[in-house]
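Visitor: Since the structure of chain X is already known, use the hints to place chain P on it.
2 protein chains.
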Amino acid sequence: MPRELMFEVITADQASEKILSHWQLPARLERVGLRDTWNRILSEDVVAPEDVPGFSRSTMDGYAVNAEDTFGASESLPAYLTLRGEVPMGVKPEQVIDMDETMAVATGSMLPQGANAVVMIERTAKIDDRTIAVFRPVAPGENILEKGEDVGANQVVLRRGTLVRGQEMGVLASLGITEVEVFCLPNVGIISTGNELVEPEKTPSPGQIRDSNSYTLYGAVKDAGGQPHLYRLVPDQEEEFRATILKAVEENQVVLVSGGSSVGTRDLTLKILNQLGELLFHGIAVKPGKPTLATVVKDSSGTNTLVIGLPGHPVSAFITFRRLVEPLLKGHLRELLPPACVYGRLTKNIPSQAGREEHVRVRLISQGEQVLVEPVFGKSGMLTSLTAAHGVVTVSLEAQGLAAGSEVAVKLFKEL
Amino acid sequence: MPRELMFEVITADQASEKILSHWQLPARLERVGLRDTWNRILSEDVVAPEDVPGFSRSTMDGYAVNAEDTFGASESLPAYLTLRGEVPMGVKPEQVIDMDETMAVATGSMLPQGANAVVMIERTAKIDDRTIAVFRPVAPGENILEKGEDVGANQVVLRRGTLVRGQEMGVLASLGITEVEVFCLPNVGIISTGNELVEPEKTPSPGQIRDSNSYTLYGAVKDAGGQPHLYRLVPDQEEEFRATILKAVEENQVVLVSGGSSVGTRDLTLKILNQLGELLFHGIAVKPGKPTLATVVKDSSGTNTLVIGLPGHPVSAFITFRRLVEPLLKGHLRELLPPACVYGRLTKNIPSQAGREEHVRVRLISQGEQVLVEPVFGKSGMLTSLTAAHGVVTVSLEAQGLAAGSEVAVKLFKEL
Numbered sequence: 001m002p003r004e005l006m007f008e009v010i011t012a013d014q015a016s017e018k019i020l021s022h023w024q025l026p027a028r029l030e031r032v033g034l035r036d037t038w039n040r041i042l043s044e045d046v047v048a049p050e051d052v053p054g055f056s057r058s059t060m061d062g063y064a065v066n067a068e069d070t071f072g073a074s075e076s077l078p079a080y081l082t083l084r085g086e087v088p089m090g091v092k093p094e095q096v097i098d099m100d101e102t103m104a105v106a107t108g109s110m111l112p113q114g115a116n117a118v119v120m121i122e123r124t125a126k127i128d129d130r131t132i133a134v135f136r137p138v139a140p141g142e143n144i145l146e147k148g149e150d151v152g153a154n155q156v157v158l159r160r161g162t163l164v165r166g167q168e169m170g171v172l173a174s175l176g177i178t179e180v181e182v183f184c185l186p187n188v189g190i191i192s193t194g195n196e197l198v199e200p201e202k203t204p205s206p207g208q209i210r211d212s213n214s215y216t217l218y219g220a221v222k223d224a225g226g227q228p229h230l231y232r233l234v235p236d237q238e239e240e241f242r243a244t245i246l247k248a249v250e251e252n253q254v255v256l257v258s259g260g261s262s263v264g265t266r267d268l269t270l271k272i273l274n275q276l277g278e279l280l281f282h283g284i285a286v287k288p289g290k291p292t293l294a295t296v297v298k299d300s301s302g303t304n305t306l307v308i309g310l311p312g313h314p315v316s317a318f319i320t321f322r323r324l325v326e327p328l329l330k331g332h333l334r335e336l337l338p339p340a341c342v343y344g345r346l347t348k349n350i351p352s353q354a355g356r357e358e359h360v361r362v363r364l365i366s367q368g369e370q371v372l373v374e375p376v377f378g379k380s381g382m383l384t385s386l387t388a389a390h391g392v393v394t395v396s397l398e399a400q401g402l403a404a405g406s407e408v409a410v411k412l413f414k415e416l
Numbered sequence: 001m002p003r004e005l006m007f008e009v010i011t012a013d014q015a016s017e018k019i020l021s022h023w024q025l026p027a028r029l030e031r032v033g034l035r036d037t038w039n040r041i042l043s044e045d046v047v048a049p050e051d052v053p054g055f056s057r058s059t060m061d062g063y064a065v066n067a068e069d070t071f072g073a074s075e076s077l078p079a080y081l082t083l084r085g086e087v088p089m090g091v092k093p094e095q096v097i098d099m100d101e102t103m104a105v106a107t108g109s110m111l112p113q114g115a116n117a118v119v120m121i122e123r124t125a126k127i128d129d130r131t132i133a134v135f136r137p138v139a140p141g142e143n144i145l146e147k148g149e150d151v152g153a154n155q156v157v158l159r160r161g162t163l164v165r166g167q168e169m170g171v172l173a174s175l176g177i178t179e180v181e182v183f184c185l186p187n188v189g190i191i192s193t194g195n196e197l198v199e200p201e202k203t204p205s206p207g208q209i210r211d212s213n214s215y216t217l218y219g220a221v222k223d224a225g226g227q228p229h230l231y232r233l234v235p236d237q238e239e240e241f242r243a244t245i246l247k248a249v250e251e252n253q254v255v256l257v258s259g260g261s262s263v264g265t266r267d268l269t270l271k272i273l274n275q276l277g278e279l280l281f282h283g284i285a286v287k288p289g290k291p292t293l294a295t296v297v298k299d300s301s302g303t304n305t306l307v308i309g310l311p312g313h314p315v316s317a318f319i320t321f322r323r324l325v326e327p328l329l330k331g332h333l334r335e336l337l338p339p340a341c342v343y344g345r346l347t348k349n350i351p352s353q354a355g356r357e358e359h360v361r362v363r364l365i366s367q368g369e370q371v372l373v374e375p376v377f378g379k380s381g382m383l384t385s386l387t388a389a390h391g392v393v394t395v396s397l398e399a400q401g402l403a404a405g406s407e408v409a410v411k412l413f414k415e416l
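Chains as they are written, first to last, in full-length UniProt numbering: chain X, 1 to 416; chain P, 1 to 416.
It is possible that some hints are incorrect.
Below, in silico cross-link-like pairs of lysine-lysine (BS3-like), each with a Cα-Cα straight-line distance of 25 Å or less [as the list claims (entries may be wrong)]:
| hint | chain 1 | residue 1 | chain 2 | residue 2 |
| --- | --- | --- | --- | --- |
| 1 | P | 222 | X | 330 |
| 2 | P | 414 | P | 222 |
| 3 | P | 202 | X | 92 |
| 4 | X | 222 | P | 414 |
| 5 | X | 411 | P | 411 |
| 6 | X | 18 | X | 287 |
| 7 | P | 202 | X | 147 |
| 8 | X | 202 | P | 202 |
| 9 | X | 147 | P | 414 |
| 10 | X | 414 | P | 411 |
| 11 | P | 147 | X | 379 |
Think of the hints as simulated: they come from the structure by calculation, not from any bench.
Isolated chain X (complex conformation) (with noise of 0.2 Å):
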C-alpha cells in the first residue's frame, strides 16, 4: 500500500476545528504596569473609574460663550459682548459668564459656569479692553468637548481579548489606570529531533546539517505572540524524546516537536505522542504540510497541552505553523480582523491539484502604482525560498491553480 494512503488526510479547517474542539489556549493572567500593556491583550474589561474630560474644555483658541448671546450675529451685525479675563490653562475659573459676557480661553481651557460653546478666535475681533464683538453665530456645544463625551464614569473603556497599541495606552493614562491584567504570553516549547541534527553553533560532519527550524520557529511564535522556548536537540532516541517532550508539556501550552524529516523520526515521533496523550489527527491536505500531527497530552497536574508534530522540511514546517498554530495563540483576542492583504497582479500560472489547500510562497515587486505578485517556486527543503517571500497566495481546496494576470491577496508573513 502507497506510504501517502497510510494516514486519514483531513482539510486544514477540520484540523483547525478538530483541536479547539479538544484544547483551548489556558487562560493564565498577570497584571503588568502602563508601559509594559503594548502590545498585550486585556484580559478584563477595563470600566472608567471617571468622566473623560472631567470638565467641559474649549477645543479651539477663541471665547467661551453662552451661544444664545450669539444667534443673528453676522459681519455687518456682530454680537458685542463684555470680556470678563481670561481662563488661565489648567485652571478652573472662578468667573462666572452672565447673559452678554466671554471669557477668553486657549484650546484645552476649562470652560467657565455659564458658558456652553466658544466662538473661534478668527471669527471675532477685540473692539477695546472689555468688548468682544462676534461675527458668526455657534450653537451650543460648539468647538467644546463636554464633561465625559470621551469617556462617561462607569463606561467599560476597552473591553477583554483587546490588543493594546498607542492608542489604549492613552484611555488608560488618561484614566488614571497605571496597572491592568493582561493574558500571559503563550509559552510555546520547540524540540527539534534528528540524529542528523547540530547546533548552530557545531560545526556539522559529513551526513549532518545544522538545525534550523528551531529558530525559523523561534522567531514565527514571536511574531504570533507567543513565548518561544527552545530545548536542547534530541537526537531519535525514545527515552530522551519522552523526557524532552514531558518537560516541555510541564512548562508550556503548546509544545512544537519539529526537525528530523526521516520516516524514522517521523515513525517514532507518533509513536511516543500516541502512547502520551491523545491523537487528534495525522496528516492535513495542504501543500506543503501533509504530515502534520497533533495530540493533547496532559501534564502531571492534568492539564491538557497540544503537541503539534510539524513537517521536517523548514518551508512545510512555517506554513504549518502559520496555518494551524498562530491562529491558537492569537486565541485571547476578542475579534480577529480578516488578515490584512497586500493585492497585487499574478505574474505567472500556478497550478494546484483540487482536493489539498496549498499556500504558494510569493514575492512582491512594485511597479509604479501596480503591484506584481511573483510566485517564488522551490523545494520545499528550501529555506532561502522563505526569505525571498514576502507572503503567501492561498489556493483553496476546490481551486485547480490560478492565472497569470489576476488579481490575487498576498497574507504577509510580516507586515513592515
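Guide: Only chain P this time, still in chain X's reference frame:
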C-alpha cells in the same frame, strides 16, 4: 489676518521630502546573538561561509540510484537493482553505488557516491533482501536537494536592510552564524508640555487633565520599531522646556514634542525650536494634523536631531506621527512594501475638502465574506475614536470625499 493663514501650509508629501532632504536617521550599529536578531534590521550583507546543504541529500524516503539505471522502467518492466544496505541518518555513507546498485535512504540522508537521484519508496518493491524493483524512471537530480542548492558558499544570502523574521533566523542558524550586526533601534524622545497636564498616576485638579499623548506615542513608537523614552511633563515655562528639549536632543535621534494644544504652548514650542535649530516647516495640509512643525537641532557633538512638534489633540498627534515619523523610523529597511491593507465597502459617505489629505478613522465589520468599512467620526480630542478604529482610509489631496458603497483600502494601525 485669520490665524490659519499665519503659517505657510505645505502638503504631507512635501513635508516628508523636506525632512528627508535635511536629515537622515543616523546608522548606529550593534552586534546581537542569534535569538536577539528577531525583528531587527540587518546592517550588513550576510555572506554564506559554506554550502547549504553541505552535501546532496534525499528529500524523500526511498532508494538512492544512478538515474540512468531507471530509464525505461515501468510497472510491467521494472528495473532490478542490487541493494547495498541503508544510509544511516546523519552519517556519511562509505559505500559507493556502482551500476545497477542502490542504497535505502530516508528523507534527509546523505546520498552515497555514485547516486544522483532518489526513487520514492512508493514506486518500488522489495523483491528480497538484496533486490529492489523500480517501477518508474527518475531524472538526474530528482528527489534530492543538491549540495549548495539552498545556499551557495560565498553567496550574499541576506542583504543589508533585511528585516529579520523567523525564516531569516533559520537561514542564519543553518549557516552557523550565531551573531550578526544590526541597526540599533532609533531612540525617540517624547516630551509632553502644557500647564493643564498631570502625570497619569496623579489626580487632576479641576481644569487639569492627565497626559495621554505620551503613552499613545509610546506605543506608536514601539509599533514603528523605535525605542521610546518618556521625559517628565514640562509646564509652559521657557527655561525648563528648553532644558528638556536639549537633554532629549542629546539622548535621541528623534524628539517628539506634544501635549499642550493651547496657543500659548504652541507659540512657546515654535519660539524655542526656532531658537535652537532650523525650522523645516510649520503647518501641513493634513486633516487632522495641520499645526505640525519640524526642526533640525544640533546636539553638543554637532549631530543633527529631528525635533517634531506634534499637534496637541490626541488623534491629530497620532495620525501625524504615523504619516510623517513612522516611515523615518523604518528608513533602514532595504525595501518598503506597499502597505498591507484590508479592503472593504464603505458604509457611509466621507465628505472631504480638496486641497488637504484627510485621514479618516474607520472600523472593520466582518459580514460573512464581506468586509464593511465604517467611518468613526469624532472630534480630534477624543482618544476613544482611535481605540474604536482599526485603521484609516486616506482621502487624497485632490479628492472631494468618498462615496458610500465604494471599495476602499484600510491601512491598519496594527495587524492582528
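Visitor: It remains to establish, for every hint, whether it holds in the given structure.
Guide: Now for the hints, and whether the structure bears them out:
With a C-alpha separation of about 20 Å, the suggested pair residue 222 of chain P and residue 330 of chain X falls inside the 25 Å cut-off, and the hint holds. Under the criterion of a C-alpha separation no larger than 25 Å, the hint pairing residue 414 of chain P with residue 222 of chain P is consistent with the structure, at around 11 Å. Restraint check for residue 202 of chain P and residue 92 of chain X: satisfied, since their Cα atoms lie roughly 17 Å apart, inside the 25 Å limit. In summary, the hint linking residue 222 of chain X to residue 414 of chain P is supported, as the alpha carbons are separated by about 16 Å, within the 25 Å threshold.
A hinted pair counts as satisfied when its Cα atoms are at most 25 Å apart, and residue 411 of chain X with residue 411 of chain P qualifies at roughly 14 Å. Simply put, residue 18 of chain X and residue 287 of chain X have alpha-carbon atoms about 19 Å apart, close enough for the 25 Å limit, and the pair holds. Taking the CA atoms of residue 202 of chain P and residue 147 of chain X, the gap is about 19 Å. The hint holds against a cut of 25 Å. Pair hint residue 202 of chain X plus residue 202 of chain P does not hold up; C-alpha atoms about 55 Å apart against a cutoff of 25 Å.
A C-alpha spacing of about 30 Å is found between residue 147 of chain X and residue 414 of chain P, which places the hinted pair above 25 Å, so the restraint is violated. For the hint linking residue 414 of chain X to residue 411 of chain P, the alpha-carbon distance of about 14 Å falls within 25 Å, and the restraint holds. For the suggested pair residue 147 of chain P and residue 379 of chain X, the alpha carbons sit about 14 Å apart, so the restraint of at most 25 Å is met.
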